[in-house]
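Trainee: Residue numbers (this note's numbering), protein chains in the order written: chain A, 1 to 116; chain L, 1001 to 1111.
What the hints contain is simulated information worked out from the structure, not anything from laboratory work.
Some clues are possibly wrong.
Straight line, CA to CA, 30 Å or less: simulated DSS-like cross-link-like pairs of lysine-lysine [said to hold, decoys possible]:
| no. | chain 1 | residue 1 | chain 2 | residue 2 |
| --- | --- | --- | --- | --- |
| 1 | A | K42 | L | K1002 |
| 2 | L | K1079 | L | K1042 |
| 3 | L | K1092 | A | K78 |
| 4 | A | K78 | A | K42 |
| 5 | L | K1042 | A | K83 |
| 6 | A | K57 | L | K1042 |
| 7 | A | K78 | L | K1045 |
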Amino acid sequence: EPEVTQTPSHQVTQMGQEVILRCVPISNHLYFYWYRQILGQKVEFLVSFYNNEISEKSEIFDDQFSVERPDGSNFTLKIRSTKLEDSAMYFCASSEYLAGAPGELFFGEGSRLTVL
Amino acid sequence: RKEVEQDPGPFNVPEGATVAFNCTYSNSASQSFFWYRQDCRKEPKLLMSVYSSGNEDGRFTAQLNRASQYISLLIRDSKLSDSATYLCVVNKGNQGGKLIFGQGTELSVKP
Chain A
1 EPEVTQTPSH QVTQMGQEVI LRCVPISNHL YFYWYRQILG QKVEFLVSFY
51 NNEISEKSEI FDDQFSVERP DGSNFTLKIR STKLEDSAMY FCASSEYLAG
101 APGELFFGEG SRLTVL
Chain L
1001 RKEVEQDPGP FNVPEGATVA FNCTYSNSAS QSFFWYRQDC RKEPKLLMSV
1051 YSSGNEDGRF TAQLNRASQY ISLLIRDSKL SDSATYLCVV NKGNQGGKLI
1101 FGQGTELSVK P
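Turn these sequences into a full structure, and let the hints guide you.
Mentor: Next up, the structure:
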């Protein structure tokens, strides 16, 4: 069964450092997303991406965040200067159709980011 | 009012019980509705989409009431393996692809 893969599974970093989280979406999917979940809280939307550009982003997705699809397979989330409050599980997801249309979001297993 | 609000948990039920989860959403423009399941420290996985006419998948039944902006999930004959957090999920109603997740309701099924 095709799946979304994410690396690293866990990253520990110092406050102020740059972090790049990597994702390989399902190959025939066209829509890509990043969500995050702070421990004990709900899953929150960060950004959606289609046709090499951002479709929508949340208020959380400020100038410290960026996304990129550097080649035909990877989808990355960069946090330029991490803050303590960036500590969370970051989920990448992909879908064949736009989220909310028929078809589900497939999530990766997540990258746990710990900022010290 | 929260965008998506669910019953606070946890629900602790014996095997074989029937359990119902409720959810309300605030955006009347929302068009698509889902129940996702999340096991502890794992990724969310789609359990079922929710359609206006209501839909059933085995032991699971989902209902939608657009007028009341209310969604429900019924689990019959619950199994130990149903223990998880159930997430009510609604799309924002625009074309940006944003899904809004509820806080989740934790279910624990005991032998």
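Trainee: All the hints need checking, so say for each whether the structure fits it.
Mentor: Results of checking the hints against the structure:
Proximity of A/K42 to L/K1002 is assessed by CA-CA distance (about 12 Å); at most 30 Å being required, the pair is judged to hold. Our distance criterion of 30 Å between C-alpha atoms is met by L/K1079 and L/K1042, whose separation comes to about 19 Å. Taken as a hint, the L/K1092 and A/K78 pair is honoured in the structure, with Cα atoms around 25 Å apart against an allowance of 30 Å. Taken as a hint, the A/K78 and A/K42 pair is honoured in the structure, with Cα atoms around 21 Å apart against an allowance of 30 Å.
Between L/K1042 and A/K83 the alpha-carbon distance is near 24 Å, which keeps this suggested pair within the 30 Å criterion. Among the hinted pairs, A/K57 with L/K1042 is consistent with the structure: their alpha-carbon atoms are about 24 Å apart, no more than 30 Å. Between A/K78 and L/K1045 the alpha-carbon distance is near 25 Å, which keeps this suggested pair within the 30 Å criterion.
Hint compliance for this structure: every hint is met.
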